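Asker: Okay, here's what each chain looks like letter by letter:
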Amino acid sequence: MDLINWVYLSVVLFTIGAATVLIRRNAIVVFMGVELMLNAANLAFVAFAQMNGDLTGQTVALFVMLVAAAEVVIGLAIIMAIFRARRSASVDDANLLKY
Amino acid sequence: MSAPLQPLVTVADTAAVGSGVSDGIVFWTLGPLMVLAALGLLFAPKAVHAALSMAVVMVSLGGVYVALQAPFLGMVQVFVYTGAVMMLFLFVLMLVGVDSSDSLVETIRGQRVAGGLAAAGFLAFVLVALGRTTFDAPVGLAAVNADGNITGIAALIFSRYVWAFEMTAALLVVAVLGAMVLAHRERTGERATQRSISENRLRRGQRMTPLPPPGVFARHNAVDTPALLPDGSPSELSVSRVLAARGQTAPTTELVTAVPAIQADMDPEGRGSRTAARVREDGRNGAPRTGGAAVNTVDTVQTDAAPPEQGH
Chain C
1 MDLINWVYLS
11 VVLFTIGAAT
21 VLIRRNAIVV
31 FMGVELMLNA
41 ANLAFVAFAQ
51 MNGDLTGQTV
61 ALFVMLVAAA
71 EVVIGLAIIM
81 AIFRARRSAS
91 VDDANLLKY
Chain D
100 MSAPLQPLVT
110 VADTAAVGSG
120 VSDGIVFWTL
130 GPLMVLAALG
140 LLFAPKAVHA
150 ALSMAVVMVS
160 LGGVYVALQA
170 PFLGMVQVFV
180 YTGAVMMLFL
190 FVLMLVGVDS
200 SDSLVETIRG
210 QRVAGGLAAA
220 GFLAFVLVAL
230 GRTTFDAPVG
240 LAAVNADGNI
250 TGIAALIFSR
260 YVWAFEMTAA
270 LLVVAVLGAM
280 VLAHRERTGE
290 RATQRSISEN
300 RLRRGQRMTP
310 LPPPGVFARH
320 NAVDTPALLP
330 DGSPSELSVS
340 RVLAARGQTA
350 PTTELVTAVP
360 AIQADMDPEG
370 RGSRTAARVR
380 EDGRNGAPRT
390 GGAAVNTVDT
400 VQTDAAPPEQ
410 GH
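Quick note, the sequences are listed as chains C and D, same order.
With the working numbering applied, the first sequence corresponds to residues 1 to 99, in that order.
With the working numbering applied, the second sequence corresponds to residues 100 to 411, in that order.
One chain only, chain D, in its complex shape (with noise of 0.2 Å):
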């Protein structure tokens, strides 16, 4: 036997049938954390906070296993439930919508009302019927696990159960197949190319040049700055429209007022200090504009507007 199993197994063989002490501490460890995180499934608003309840649950369930005298069931409820069945709920989560909660309304009257009732009186019913019932002194798999408990459940299922097994294969490629199904999406209608999407632009008037990319300064160099329109204002255009409905653009009125002191360190003498005041001017006030052509450098409108004996 490799080393890695060794603890397990151990477990697995020390929890003693019926009064073993690490059953009961399982039992009242895992136990009350099952049935709140299952609460938390209830009771979550949020549904991913709910599927992370539920990942507790199966996790909680696998190590419950594992005391059960199951580790074979143990590790394959970690890996197929909270590794593969989890992921898959996450990914749903994640397409549908991660902030996707239950509305409010209820469609037919008193339903949550009704529902908590049958659930509680479902609990009662069973706990009653359970109370009442005795069972024979519990037998304990040590002896059916006497080669192993992999050996024990292959047996069965190889044997008794050869036929289930089979089947369940048929079931998961019919599952395969459905899910390829109900995946797919038919084409209806031409897929869009580049001539296309530039045609139905001009079509409707919208705007034909490329979007202007964000502004890039000497001291400030990211995606959240504004370019700066030839009168200084910033255009709203250049920035990620995801960021100006987060609030999260750059104010640029700072920048343009460091531009003397940019000036000033690229050119000790001071020869650009007059448009640097004159670009300053323009940025106070100059009206927010959201067309026209992006300047976002200085240079450019120290060419195009510096007087003609600065000699540059």
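Here chain C stands alone, though its shape is the one from the complex (with noise of 0.2 Å):
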């Protein structure tokens, strides 16, 4: 089996998590689509780092699973305040900013 498909495999879901960023309402799946994108990200770094013979994939994968932990701790926090104001976690009623 070639080791391409793994990267063909990444580029579906990270497809597939940016398509959940653009179209779902919701701040929870649509962080979880940011999650997805990220994971594919990782799955193409460890494919390739098997394709060249070089640990220095998996090395940034791994940095992105710690960069994606801080990111996931800051945001979720930065959701349940918005909730708190707002009563509510659609990413539509945080418009505050328009004009």
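Among the clues, some could well be false.
[As the list claims (entries may be wrong)] Okay, the calculated bits of chain D under chain C, using three or more residues with CB under 8 Å as the criterion:
id, segment
1, 134-148
2, 174-182
3, 214-228
4, 265-271
5, 277-287
6, 296-302
7, 322-334
[Stated by the list, open to error] Mimicking SDA-like on lysine to any residue, the simulated pairs with C-alpha atoms at most 25 Å apart in a straight line are:
id, chain 1, residue 1, chain 2, residue 2
8, D, K145, D, V158
9, C, K98, D, R211
10, D, K145, D, T250
11, C, K98, D, A213
12, D, K145, D, V227
13, D, K145, D, A344
14, C, K98, C, L22
15, C, K98, D, A217
16, D, K145, C, I82
17, C, K98, D, V134
18, D, K145, C, D92
19, C, K98, D, V158
20, D, K145, C, D54
21, D, K145, D, A223
22, D, K145, C, T56
23, D, K145, C, A77
Hints were generated in silico from the structure; no laboratory data involved.
Bear in mind that the values here come from a model prediction, so they are computed numbers and not experimental data.
C-beta: ideal position from N, C-alpha, C; glycine also.
These two chains come separately, so use the hints to put the complex back together.
Answerer: In structure tokens, the structure reads:
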């Protein structure tokens, strides 16, 4: 089996994550779409690491996981703060900066 | 090497580069599963179902990493993503409300269609670009993983990427502080004390006494049984509002009509039979009332209303 198949899979997962961010309204689901995109990128990193025989890809994937963990903490805290202020988790309702 | 780690490492080692059999099996089992679960994230109307689909994708990715000769990353994926990140998502879902689903109103017209088209266009673009690219024969990680995958990654992290590693430490500290600041809520009003609560209650003319407890009968001992008022009607105040809203309040009529049988059990000579009949009669024609003190046992009725000649 060709290793490039993993990259194709990663592209498909990334696209689904991007579509989730673009289409869904629930802030938490949108956030999970971002996570899916990060995971898809990680999969590509790991596949390319094996293709090139270099562990740098795996190291970068590890860093991506660390940054994603920090990002999840802050993002969910922001979602909670907005929910407390506006009683809504919809991305359409956070429109204070409009106009 | 410890015994539990042995199978994991052999899987990673036997996943031969390019032509590996186990590699293909993993791809054709976990790949479609991951795509289906990701589509579940995209299309599930409920946020909880989306979160569970996401968990499936993340666990499967852990297995994929092990097959791709990255056992350390596979473990970290399961620990960090499914263990910590998904739990955090589920906690926030619980706080925000499990049934919070998407609104179907489009604030921007045609946003869904445009988003779907953009995603499809991106997919087509990257797939075509990938298809036109040729790659060298895969090298494989057998040589670099000779000392062990973790050793190889550690050598990279603590030499070439040590600065990035230190920066992630700073990033995590900042993230923790940021979460604390964002989650903190300043108390603007005065803290409600027992005294102020009771004063407010008196001022608004609300009920001053404690609510009546639920009824406890000889044959039915549960909080869903309403207490009986002196006239035998059930007291709505004595049952939790949640149970009443769900319609899970137990009916009292059969409990009231069972009173003679209960009393016959307790009192074989039949001394209390007249009182029991009286209670049953009142229970039938008593209108439901919400106020007043709850008298929840037959004995109280008996002592209050029993004719004196019963001598008891």
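Asker: Evaluate each hint against the coordinates.
Answerer: Structure-based check of all given hints:
Against chain C, the segment 134-148 of chain D contributes 6 residues with a C-beta closer than 8 Å to a partner C-beta. That satisfies the three-residue criterion, and the hint holds. As drawn, the segment 174-182 of chain D meets chain C at 4 residues by the rule of a beta-carbon pair under 8 Å; at three or more, the given contact holds. Residue count for the segment 214-228 of chain D with a Cβ under 8 Å from a Cβ of chain C: 9. That meets the three needed, and the coverage hint holds. Requiring three or more residues with a Cβ within less than 8 Å of a Cβ of chain C, the coverage given for the segment 265-271 of chain D holds, as 3 such residues are present.
Residues of the segment 277-287 of chain D lying with their CB closer than 8 Å to a CB of chain C number 5, which satisfies the three-residue condition for coverage. Three residues within the 8 Å Cβ limit are the bar, and the segment 296-302 of chain D against chain C gives 0, so the coverage statement is violated. Only when three residues or more bring their CB closer than 8 Å to a CB of chain C does the claim for the segment 322-334 of chain D stand; here the count is 0, and the claim is violated. The suggested pairing of K145 (chain D) with V158 (chain D) holds, with an alpha-carbon distance near 21 Å, which does not exceed 25 Å.
Taken as a hint, the K98 (chain C) and R211 (chain D) pair is honoured in the structure, with Cα atoms around 20 Å apart against an allowance of 25 Å. As the CA atoms of K145 (chain D) and T250 (chain D) are separated by approximately 43 Å, the hinted pair breaks the 25 Å bound. For the given pair, K98 (chain C) sits about 21 Å from A213 (chain D) by alpha-carbon distance, which is consistent with the 25 Å threshold. Between K145 (chain D) and V227 (chain D) the alpha-carbon distance is near 34 Å, which puts this suggested pair outside the 25 Å criterion.
The suggested pairing of K145 (chain D) with A344 (chain D) holds, with an alpha-carbon distance near 23 Å, which does not exceed 25 Å. About 19 Å separates the Cα atoms of K98 (chain C) and L22 (chain C), which keeps this hinted pair within 25 Å; it holds. A hinted pair counts as satisfied when its Cα atoms are at most 25 Å apart, and K98 (chain C) with A217 (chain D) qualifies at roughly 24 Å. Distance restraint check for K145 (chain D) and I82 (chain C): the Cα-Cα separation of roughly 20 Å lies within the 25 Å cut-off, and the hinted pair is therefore satisfied.
With a C-alpha separation of about 36 Å, the suggested pair K98 (chain C) and V134 (chain D) falls outside the 25 Å cut-off, and the hint is violated. For the hint linking K145 (chain D) to D92 (chain C), the alpha-carbon distance of about 17 Å falls within 25 Å, and the restraint holds. Between K98 (chain C) and V158 (chain D) the CA atoms are separated by roughly 39 Å; this puts the pair beyond 25 Å, and the hint is violated. Using a Cα cut-off of 25 Å, the hinted pair K145 (chain D) and D54 (chain C) is violated, with the two alpha carbons roughly 41 Å apart.
For the suggested pair K145 (chain D) and A223 (chain D), the alpha carbons sit about 29 Å apart, so the restraint of at most 25 Å is broken. Straight-line distance between C-alpha atoms of K145 (chain D) and T56 (chain C) comes to about 38 Å, which puts the hinted pair past the 25 Å bound. The suggested pairing of K145 (chain D) with A77 (chain C) holds, with an alpha-carbon distance near 21 Å, which does not exceed 25 Å.
Hint compliance for this structure: hints 6, 7, 10, 12, 17, 19, 20, 21, 22 are not met, and every other hint is.
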